[in-house]
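Protein chains in written order, with the working numbering: chain A, 27 to 481; chain B, 27 to 481; chain C, 27 to 481.
Treat the hints with care, as some may be off.
No distinction is drawn between identical chains; accordingly, a pair holds when it is met within one copy or between any pair of copies.
DSSO-like, lysine-lysine: derived pairs with alpha carbons at most 27 Å apart [stated by the list, open to error]:
(1) Lys340 / Lys448
(2) Lys198 / Lys340
(3) Lys269 / Lys340
(4) Lys391 / Lys198
(5) Lys391 / Lys263
(6) Lys391 / Lys448
It should be emphasised that the hints constitute simulated quantities derived from the structure, not laboratory data. Treat the numbers as computed from the prediction; the structure is a model and nothing was measured.
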Amino acid sequence: MKTKHLLTLGVAAVAMTLPLAGFAQDDPAPVPGTDASSDSIFIFNSLLFLVGGFLVMWMAAGFAMLEGGLVRSKNVAMQMTKNIALFSIAAIAYWLIGYNLMYPLGNWSVGTDETGGYLGAFGVAVLEAVGVSRDTADDYGYASTGSDFFFQLMFCATTASIVSGALAERIKLWPFLIFVFFLTALIYPIQASWKWGGGFLDTQFGFLDFAGSTVVHSVGGWAALAGAIILGPRIGKYASDGKVQPMPGSNLALATLGTFILWLGWFGFNGGSQLAMGTVGDVADVSRIFANTNMAAAAGSVAALILTQIMYGKVDLTMVLNGALAGLVSITAEPLTPTLFMALVIGAIGGVIVVFAVPLLDKLKIDDVVGAIPVHLCAGIWGTLAVVLTNSDATIGGQLISIAIVGVFVFVVSLVLWVILKGIGGIRASEEDEIAGLDVAELGMEAYPDFTKAS
Amino acid sequence: MKTKHLLTLGVAAVAMTLPLAGFAQDDPAPVPGTDASSDSIFIFNSLLFLVGGFLVMWMAAGFAMLEGGLVRSKNVAMQMTKNIALFSIAAIAYWLIGYNLMYPLGNWSVGTDETGGYLGAFGVAVLEAVGVSRDTADDYGYASTGSDFFFQLMFCATTASIVSGALAERIKLWPFLIFVFFLTALIYPIQASWKWGGGFLDTQFGFLDFAGSTVVHSVGGWAALAGAIILGPRIGKYASDGKVQPMPGSNLALATLGTFILWLGWFGFNGGSQLAMGTVGDVADVSRIFANTNMAAAAGSVAALILTQIMYGKVDLTMVLNGALAGLVSITAEPLTPTLFMALVIGAIGGVIVVFAVPLLDKLKIDDVVGAIPVHLCAGIWGTLAVVLTNSDATIGGQLISIAIVGVFVFVVSLVLWVILKGIGGIRASEEDEIAGLDVAELGMEAYPDFTKAS
Amino acid sequence: MKTKHLLTLGVAAVAMTLPLAGFAQDDPAPVPGTDASSDSIFIFNSLLFLVGGFLVMWMAAGFAMLEGGLVRSKNVAMQMTKNIALFSIAAIAYWLIGYNLMYPLGNWSVGTDETGGYLGAFGVAVLEAVGVSRDTADDYGYASTGSDFFFQLMFCATTASIVSGALAERIKLWPFLIFVFFLTALIYPIQASWKWGGGFLDTQFGFLDFAGSTVVHSVGGWAALAGAIILGPRIGKYASDGKVQPMPGSNLALATLGTFILWLGWFGFNGGSQLAMGTVGDVADVSRIFANTNMAAAAGSVAALILTQIMYGKVDLTMVLNGALAGLVSITAEPLTPTLFMALVIGAIGGVIVVFAVPLLDKLKIDDVVGAIPVHLCAGIWGTLAVVLTNSDATIGGQLISIAIVGVFVFVVSLVLWVILKGIGGIRASEEDEIAGLDVAELGMEAYPDFTKAS
């Protein structure tokens, strides 16, 4: 193995481009071994958050397309409504409550940085002033507040996107959106503060979760699982004789588009979680993360491809899509330390998990319309455990207990919330509405009025 | 409220990543309080234009998908043709005439920088030479010419994209494309020069329009309004008894995708309009703009969600999509100075405006197929006025008169142009073609040949 | 023509934004004429690879949507499967074998840098270590290894994407994927090493191909052509009386989306191929490339628009889409040196070529479902020759012989590979399966189960 791959490429680069006369002749060469200036570091770090943030924002569209493609055509307009509404509500809830709950900066409402933080600070998020200078910037040595807020908000919204797919085709719009508000204002930020806000999982358990296999993905998965249990399966999904009725998605092109969008957005999700790119080490790490993230997705996809061929004699496209996503979730807890080979292994196992977890859920009669629980919860747990394979700072004990603490918290609180919402006004569409489809029943419109066959 | 949100995040960042041994041990720390070098500033500014520019380019796809989803299936192929063609024609027209008309650099054909510029310079756009050095760069202290041209071109194209939706399903292809040529070669650049080229609205009226609620969005809206009036409504849209016939869009998943694309692209639209990110103040401002832009979109979406539920007893997905877009248009005139709360207010009012403006237009029997006039013209005016709420440099008088001057100019010139085009060869498809659908009638193809029900 | 376009814009910028008090008052102005630091250059270059790379990755989605839109609905799920699988396989194959074959860094298995390299090195790709410092970075003077690997991988995957469209609707899944493995592990990297790895085409023939009109696009085209010949046309495509049976694509909205995605991704493809942006000259060149790339696409689109109107009396949307793509392919061999006018000419000729090449292929009874051969092979050859028009370092002889050498190599090896695959287990679906559609026959699922008319 060579270590200087780029020297020849450098030669090729010169050959590919015109001679850059200005650089060699008119300008002095840069002084070797000079740091980026402190201003440049601030700009690079902020830029990473902005680019990473807009890529993660784009994942909201990916979830919408994936879910819209995997539900039946009579529920597509509702699924679109839920997805754009949940993203909007998350933006408001995270500003209003979530951001300071998640990053209390030592001002814990319960706990302290030293003894362990448990509940963050309350108060709306505030951006730094317009046109700050070095001296007036909130955190000159690091990055702009707005870029950080923007980036972190997108992670919160992602958590909510995960839930909407699992509960599709039967949950009523408003109870779902109320749940999203509490998830993004309270549940997600509180548990995220335990790790990323410097709380007790971070300081006392040595929990490692680079970009959120647990903190984001399993959290969405637990909330979805609680909801799916309370909500019950779609009418006709599980026959009394134990047969599982397939309810094929209405638009696999759209589902594939959604998967590609998520794959793209994940470079921002994992790469941006390096949280800095103003030094040689940081930008090289971001690069490693991009390469590993891509490899894990590819491996998850290929694993599901091969496995469904072997198990069923036919490739299953929706499994391949979910395999790629499971690969991505699996590498998210540690996208930096693995080699490309280990990224392949971690991602491939994620893909395998999905192929087995989907029928397992069906056996348990838990109806997850898009496979969100296998992808985000099961592969999320796997990815969090897999950190110990490549990062010696992680312990299997610390990872396990943290997964459990987060899981119990999110599952129980979500369950209680779903039960309350069910008690207040009900969370499930009427049988009549569900059969007619939520689009016509709740929205009074069809997603594809010109296409759908008379049913 | 705390002002140092990021310190704890900094701690979290360290905990999340491996110790960056290289940085702390091998390399000297960067000198605190050092500027980015002048080269780096040039690169950062150019990079902002390039990234901002490709995000705004992506909005062209967003408009295509939004409009393709909101027209009936028999007109989808035509709507796709119009959208890719208008973007292509804008690219040529802006190079050929528009760019120097918009940025005359003091060489006004009518007027001067001092007394007020009214008509810019004529001549094709020229990029700077290959491989420039500091000394040969067109504007070393700022950014590369190509990056600026690329960025500004995309704004011009956006204006044309706005028009195509309003006039869908009945305008003939070629007259529309001829209008697009004049819009992007002359109408848009001339009025844009008045503000962004340093012309009389900028120097004499103190007009403030950060990223173009008026200069881009209302201009597209005025041109569309003129076209819609001359063109008349679709056959059957307004019954003689005053009833409005709903003509539902054929693919709401596509329309939702288009909205998400536009939302994403808008970070480039507004963020890039900071026009610089090579200093602490500039990148922090770009970050504020990203956060505010997202908040306004979210607020517009939620406002339309709640309002349609209250007014109609059902959520209207197309209103929610247009509400998000109206939030975006509303914040575009001033995305920097508002707090997140004010961004929420400004965006929410934009969403409310759309919900009321859409039926109002129908009452006036102006048939705007996708709601482009409510979103881009009505919310554009609102956003331009709202600048006075958060930026003390703006005056209500200066904003109002500028809105009026731009509006009269664009509306009148567009009206004349549409009338001439109508006189020369007609702008409207025949009744027969309109009923058959423009796809089969004008293009001889169907967008969805395998799906569409026999009509 | 003016050379200082940006000065007035600078004025406009100040007028558009709040006074950046911090910059002017609190901070010292940057020293004029200072280089980016060596760290900053490393970061800028790596960042160009990362942003360029994710844009090119996005092209994989563009190909999937374009092809999914242009096949009949009964083959859409299969086309999605092929596209996500080929991208995943390319990621693994390029890591396992391709990268070091393409960039042997002087360690040629056959040949040397001096006498001409013919076959690169074998061995898996290895990323640089976590958290490198200046001294431990693989290539401190340039860019991070991971960013380069990520970027180059995406080009390899693009080559495979080109093939899938041409062979759609009749090739079996697994033989296609096996071909993809060999294409991305061996065929693409070997010929790419001849130019971009510093091999014999680069050193001995003075071959110029900036971003791959030949190295990427024609290679995909040759592989597709070989496959299309061995595979034969779809059943019913060419009637015995010489009539060509149109088989219209099932979703032109999706095909248009795919085209817009590819257009967007191409900024990364061509812009990233500058391979550096840490100096004034490099970032200005990247900017030129963005502007030229956009112009060529626009010109290709408009050329096809006008030409189909003239030739057929009706605009043909699929030709317009392919015209834009042909414009992009045409400018790819030299996106830097042309003026905007020459970019327009080069792109427009690309668009014209497609309009003539598509029916020509049909005359030869070579069935290319999406027009991949006209777009990528024919326009790729044109673009490679067109380098001589604007870059005096290119010779028509050097370009021609390189096109021929690459073409013969790829076509012959591909042909042999297809014949072997045909001999082993067959590459073509059974007549029955092809008529039923590959979705139901091979995958047991439908892409649009709720829409498709009973056939």
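Taking the hints in turn, this is what the structure says about them:
1. In the homo-oligomer, the alpha carbons of lysine 340 and lysine 448 lie at most 27 Å apart only across protomers (20 Å), although the nearest pairing inside one protomer, at 40 Å, exceeds that limit.
2. For the homomeric pair lysine 198 and lysine 340, the shortest alpha-carbon distance between copies (12 Å) is at most 27 Å, but the shortest distance inside one copy (36 Å) is not.
3. For the identical chains of this complex, lysine 269 and lysine 340 are intra-copy neighbours only, at 20 Å inside a copy versus 36 Å across copies, given an alpha-carbon limit of 27 Å.
4. In this homomeric assembly, lysine 391 and lysine 198 come within 27 Å of each other (Cα to Cα) only inside a single copy, at 20 Å, whereas the closest approach across copies is 35 Å.
5. In this assembly of identical chains, lysine 391 and lysine 263 lie within 27 Å of each other by CA distance solely inside one copy; the values are 9 Å within and 47 Å between copies.
6. For a Cα distance limit of 27 Å, the shortest separation of lysine 391 from lysine 448 inside one copy, 20 Å, qualifies, whereas the shortest one across copies, 44 Å, does not.
The structure fails none of the hints (numbered hints given earlier).
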